[in-house]
Structure formats: C-alpha cells, structure tokens
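Can you make the complete structure from the sequences, with help from the hints?
In case you want the letters, here they are:
2 protein chains.
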Amino acid sequence: MLDLIGPLVVPNDSKIVLLSSDGLGGLPRPETGKSELETARIPNLDRLAAEGACGLLRHVAPGITPGSGPGHLGLFGYDPLRYLVGRGVLEALGIEFDLRAGDVAARGNFCTVDGAGLIADRRAGRISTDLCIQLTARLKTITLPGVEVLVEPVKEHRFVLVLRGTGLGGRLSETDPQALGKPPLPVRALDAASTRTAELVNAFVGQARARLADAAPANMVLLRGFDGVPDLPRFPEVFGLRAAAIAAYPMYRGLAKVVGMDVLKTGTTFADEVATLKEHWQSYDFFFVHYKDTDKAGEDGDFDAKVAALERLDGFVPEILALRPDVLIVSGDHATPSILAAHGWQPVPVVIRSRYAGADPVTAFNERACAAGTLGTLPAQHLMPLVMANALRLTKFGA
Amino acid sequence: MLDLIGPLVVPNDSKIVLLSSDGLGGLPRPETGKSELETARIPNLDRLAAEGACGLLRHVAPGITPGSGPGHLGLFGYDPLRYLVGRGVLEALGIEFDLRAGDVAARGNFCTVDGAGLIADRRAGRISTDLCIQLTARLKTITLPGVEVLVEPVKEHRFVLVLRGTGLGGRLSETDPQALGKPPLPVRALDAASTRTAELVNAFVGQARARLADAAPANMVLLRGFDGVPDLPRFPEVFGLRAAAIAAYPMYRGLAKVVGMDVLKTGTTFADEVATLKEHWQSYDFFFVHYKDTDKAGEDGDFDAKVAALERLDGFVPEILALRPDVLIVSGDHATPSILAAHGWQPVPVVIRSRYAGADPVTAFNERACAAGTLGTLPAQHLMPLVMANALRLTKFGA
Chain A
47 MLDLIGPLVV PNDSKIVLLS SDGLGGLPRP ETGKSELETA RIPNLDRLAA EGACGLLRHV
107 APGITPGSGP GHLGLFGYDP LRYLVGRGVL EALGIEFDLR AGDVAARGNF CTVDGAGLIA
167 DRRAGRISTD LCIQLTARLK TITLPGVEVL VEPVKEHRFV LVLRGTGLGG RLSETDPQAL
227 GKPPLPVRAL DAASTRTAEL VNAFVGQARA RLADAAPANM VLLRGFDGVP DLPRFPEVFG
287 LRAAAIAAYP MYRGLAKVVG MDVLKTGTTF ADEVATLKEH WQSYDFFFVH YKDTDKAGED
347 GDFDAKVAAL ERLDGFVPEI LALRPDVLIV SGDHATPSIL AAHGWQPVPV VIRSRYAGAD
407 PVTAFNERAC AAGTLGTLPA QHLMPLVMAN ALRLTKFGA
Chain B
47 MLDLIGPLVV PNDSKIVLLS SDGLGGLPRP ETGKSELETA RIPNLDRLAA EGACGLLRHV
107 APGITPGSGP GHLGLFGYDP LRYLVGRGVL EALGIEFDLR AGDVAARGNF CTVDGAGLIA
167 DRRAGRISTD LCIQLTARLK TITLPGVEVL VEPVKEHRFV LVLRGTGLGG RLSETDPQAL
227 GKPPLPVRAL DAASTRTAEL VNAFVGQARA RLADAAPANM VLLRGFDGVP DLPRFPEVFG
287 LRAAAIAAYP MYRGLAKVVG MDVLKTGTTF ADEVATLKEH WQSYDFFFVH YKDTDKAGED
347 GDFDAKVAAL ERLDGFVPEI LALRPDVLIV SGDHATPSIL AAHGWQPVPV VIRSRYAGAD
407 PVTAFNERAC AAGTLGTLPA QHLMPLVMAN ALRLTKFGA
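As they're listed, the protein sequences go chains A and B. As numbered in my numbering, residues 47 to 445 make up the first sequence, in order. As numbered in my numbering, residues 47 to 445 make up the second sequence, in order.
Mixed in with the good hints there might be a few duds.
Heads up, the list lumps identical chains together, so a pair's fine if it works in one copy or across two of them.
Taking lysine-lysine pairs in the DSBU-like style, the calculated list, with each CA pair at most 35 angstroms apart, reads [unchecked claim]:
(1) Lys201 with Lys442
(2) Lys442 with Lys342
(3) Lys324 with Lys186
(4) Lys442 with Lys228
(5) Lys186 with Lys442
(6) Lys61 with Lys342
(7) Lys442 with Lys80
(8) Lys61 with Lys442
(9) Lys342 with Lys324
Keep in mind that the hints were calculated from the coordinates and are not lab data.
What follows is the structure, given as structure tokens:
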C-alpha cells in the first residue's frame, strides 16, 4: 500500500486531523441492548457521521484483537502484520525512552530467586517504584564490550533494558520460564543475526545477578519481549505531510515518533491537547490527536464512565471543526468494550468528513450505524490513502 | 482470480451485457445534499436496482483514483495492480493504432528548442493538427536498424511513436525535463531488457532533430509514457465467452481489443451503440457497451449535464432489457464527481440483474442506496466471477 501511494502523492495545502479515541468501539450493555456510543449523547459526532462517510475499521484481521502498537500503526497506514513493534520497544516508548534505529529493547522484571537459584517470586513481591529506581541504578553500572547498556526504571518491579550499538539483533528468546521453582533461562538467539546479542544479554544477566545478590527479595532479573526498533518508512516522507502528534500519554507520543512524526509538547488533559492543536495549526499539514479516556474507562469495565468519556470528547468536536480542517477523521486504534474490560477484536467506527467524502446513509456515530456506511469494513491501513485522496493529495493511478 | 476461474468455466448459451457508464459515480451537490444519480429521474435504473443485487465497485484500492485503463481492466476481471497499461499504449489505442504484442509505444510532443538546443516551448505553441500531420510525415521517414518505426499524428502538438520488433523493452525514462531552458533528456533504460530499445529511441530522437531543424516552432520532439503492450490473458479464452465491445470512443475500443474482445463497428452516439448491440445479439455471449457522456459532463464539472446524461442513459435501459439478457450489469470504470471535475476515488454503484442475483434491500440506483446492497463494496476484479456465476457459466470449486 505504501509503495502504491508514494508515487501518487502531490502537494496541496490542505489540513488533516486524525482524532484517535483510544478503545473507541464497544458492545451493547445486556440490560439495554445499546453500546457505549449508542448510549452517549454525542450530537457533534452524530453530525459528523451525517455529513461524512462512515464505516468500520479492522486493524489486523477478523477476530484478532490489536494491541496499541498494531492499532496505531494501522491508523498511520502501515500494515500491522508486516511492521511489528515488540513489547520491549513499547515499554521503552511508554517511558519516553529516546530509542534509536538499531537499538534492542526488552522488558525487565526484578524477581526473587532462592539459594539454589530457582525462582520464588516472578515479581519480587512487587517492590516499590522507589526501590526499583535504586536497584536500577546498580544495573546501570553494568558494562558490556562494544555496546552501550541503558537501563531505566518503569514502575514497581518493572524496568527497561536497551542495548545500543551496531550489528545487534532483537530475535531473542525470553529468560522468564513463566513458572516458579525453575531457574531463569539463558537467552537464545532465534536467528543468526542475534547470536552476538544473545551472548551480550547473558553477560548482562550474569552481572545483574552479582550486583543484586544482597538485594532480596529483588535479587535477580527476568527479561522478556526483546525486539529491535523497527525501521519503518517515515510517515512524513511517505505521505508528503508535515505531521505532528499530540498525545498526553507517552506511549502514543512514542509510537508517533517511531514513524517520524514531530511530537508536540502538550499538557495532561484533552483540553490541553486541543489548545496545542490550535497553537500549531499553521505549522503542520497533519495532526494525530490522541484521546485516552475512552480506553481507560473500557479497561476498567466501567460502562457509564466510558459513556461520559465519549460525551466529553463530543464536546470538543466544535472547537476542532472551528479550525476548518479539510479532512477530519474520528476513529480509534481498537475497541475496548466495557463488558469485556479489555481490548476487543470488534471493528471500530470511523467517520471521514471532507468536501469529497461522499454520500452516505449513516446519521449516527456508532458501531451499528457505521456498518451501513459507504466505507464498508475497511482494513485500517487503507484509511490513510482515503484520507490523502480526500485531502486532494493523490493523483490518479494509471492513465 | 483469473487462475481460479479458468478451470471452473463451463459452457452455456446465456447472454451477458456489461454496461459501463464512464465516470458513473458522483458526489452530493452541496446545495441539495444529493448526488447526480440521486438527482436524476432514472426509473429504469432504479427498477434494475430493485430487481437485482447492488453494491459498490472499488477498482484499485481505497483512496486510489483509477485512470481509464485500470478502471476498465478491473471491470474485465483483471487485477489492475498486476496488469498495467501505460500512457503511450493508451494514447495509441486512442487513435485506434493497431498495436501488437511486443510493441513499445510512447506519447510524443512536438516542442520548440532555441539555438542552444534548450526547450523554449514544450508544446511548440500547440501547432495545428494539420501541421502535426505534415511533420509526422517527416518522422515516418526515419529508419532504425532491426525494428519498424511507426509514427502517427494525434492532435495539435501530439503524436504517437511505436517501435515494432523482437526483444524490445518498454521500461524507459522520459525525454521531457518538464521545464523550460533545459535540453531534452536522453532516454535511459530502466531495466536490462530495455537497453537496446533506449539506444534505438535515442537514435530516433537524433534523426527527428535533423528532420525538423527547419520546422520552427516545431523543431524538436519530446517523448513520454513509454510502455510495452501488456501481454494480458485473453478475455474470451479465460471466460469462455464470445465477447464483443461496443464503444463510440476509440480508447475504450482499444482497451477491449487489448484483452482480445471483438470490436464491433458502431456509430458516434449511444443510440448507434444500442443498434449495434441488437444487430449482433445472436453472434456473441458477452457485450461490453460503453457510455461516455456521464464522464464527459463530470470532467466538465457540469452537474446538470451529468444528471441529463444519466437520464438519457436510463431511457435506453428498456431497449436493452427487451433483448432479454440473462445477466445485465450496470456500473462504471471510476467515479467522476461533478464537484471534483475529475476522476474520483469513490467506489462506483453496481447492479447485477439476473434470475440468480439474490434478494437485496436496495430499490434505487445511487451511491448511498447501493452501499446497503448484498454485494457490499467489492474489488472490481471480483465482478466478472460473479457475472459468470449468474450466467451459470461456472461449476463449483472443489468436490
């Protein structure tokens, strides 16, 4: 898709806003038969649906629940089955670690091993974040030949390990046996390019064991989710867009940074994000604006809180429209149905509002209504080509 | 898709009419909120929609605006991303040049160069077609070793160059630097198979310069859109259909010829085309009938003219139905929304009327109504298998 788009891109001064409401899609509450979107009073989003073209986005494949990485990469136009962002990389992005191409990242846990070196607690009794910071400082003193060793605390027993250098490979097995009474496993390379990296990681683990010997219960580490930083085509170059990301949560800023968007400094609320959007309106062509509350309420299984989050989001739509974007898209990176209290596999409503989006019978912004839209049920990575077309930024294919 | 279909084809004496209304799809006029199809009085097309199965055709991919080549190849069952028809080939088809497999074609412009050989006018002041014919006659005297050189005038400053011979390659760069004050570029081969062809084309350009030296303002040529004639699977053989094309405009006749259809002699109006259809009804199984007026009005940005063109088309539907085709399809090769005044990326309404097309809630033939049809939004190259099935010309897949 990206290869098809590249040669068709033409310049224009049109403005695009992609509003991603995290975990947007939901499911009916059994008592009422209505989903969160169907329950919420969202007149502004409904008007967008009436004026624009609607459909449902499927981020990976039917029945597949997207993580936040694939969910957003799909929205950005990348095939999430081709471009993978590993767990270690996401964890690093989540603490705004300044990842660079070629880095290999892993999630770390402090754990407890007994005198025989067998795992007694995989999370070291969930030590305090303060203690995590102290022990991480010990790990920072570890050195390995030819590479930089970067260790950062995350929260409680969790930390991030990043190796930086040339010729590293991220295809590595995990050291966590996922069971008590067993020793941590040595890391194995899963491809030839990762052989040396496996040796380096095993050396790191050996030194970590020594430095933590007196630190029970956190006297050992487990490493999981190894991954290299993916070398993604850069969004601004592929689409010819000056692209900015506005997100209060670090992980989403990180995902935008990985694809080459400028990450704008903003505050902690969505009102701050909208203020940032206004402030930078003239300087960019494309804005990715992230709204977290819908996902948070869904993950908590709190149907009413998700309804309220949707109504708050709806209240900001007129402010965004007042900027007169040529193309406004509202969708999300995955569903988070409150009755599931987790990410879901259900396709996610999408509306594209532009002068050229097309006639559409849909007049309400929810799962059931959008299923009858002209966009149909669309793989998420096809959204950006549609957006580019609506922004009159693509020429025709073939003569 | 073609590989899947081939072995399933079985004989039948059923008749199929594919009516392609060029640029059929549109967009709502902002003042009324209704598209051209929604505005037009088209009772016969609406009745087809009520009786048949409806949907929307997407010719290339979401957001991708098809040219006429990919648009029609999709309708004919070919994957337009796999089978490409270049600009030079289309230009040659547009003047009914008798292209053959292995030919390499290019669009030519007469241009003006100054004493230093730098381009002063890329179109030589748009010389008259008469002068183009005279100067093309000079170019026809050019000979090259081992290949035939064929040059034909098109219109004003435009002509077509075709090289015919064995071992030619069409992957060539253009000679037009797309700027004034620069010299024409030499042609470069973009793959190894085109190396010799590049040398031949450069020799052609050298001889053209000599023959035009005294012909200012048209004292040089520029060549663009090089392409080999694609070696497409032949439509009549793939589908087991005696297939005929009826089109008043040469380019569409040419596209049909490239896939191996018989091109029937017809007049310049759609009434002529329908008369031709009746005349040859017994001799063919499949008729591709092309209606140009919808595209023409859309390209002109003339909403009312497009509405009128749709109403004229509607008036011919009873005559076509009177022939009692077993399968009648109405669709188009791409949208040409009047408010865009150009080809658009929007999916195009399609109706399949046959005894076996299936129940469908759609009762009007337009973008919004067809979005709710049982065909859904369908890649155009999936249309022909559906048509073949409705014509009872495909056996089942697998035991």
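We went through each hint and held it up to the structure:
1. Lys201 with Lys442: between (50 angstroms within a copy, 23 angstroms between copies)
2. Lys442 with Lys342: between (41 angstroms within a copy, 17 angstroms between copies)
3. Lys324 with Lys186: For lysine 324 and lysine 186, the Cα distance exceeds 35 angstroms both inside one copy (41 angstroms) and across copies (62 angstroms).
4. Lys442 with Lys228: between (61 angstroms within a copy, 27 angstroms between copies)
5. Lys186 with Lys442: between (54 angstroms within a copy, 33 angstroms between copies)
6. Lys61 with Lys342: both (29 angstroms within a copy, 30 angstroms between copies)
7. Lys442 with Lys80: between (42 angstroms within a copy, 25 angstroms between copies)
8. Lys61 with Lys442: So lysine 61 and lysine 442 pass the 35 angstroms test inside a copy (20 angstroms) and across (34 angstroms) alike.
9. Lys342 with Lys324: So lysine 342 and lysine 324 pass the 35 angstroms test inside one copy only (25 angstroms; across, 42 angstroms).
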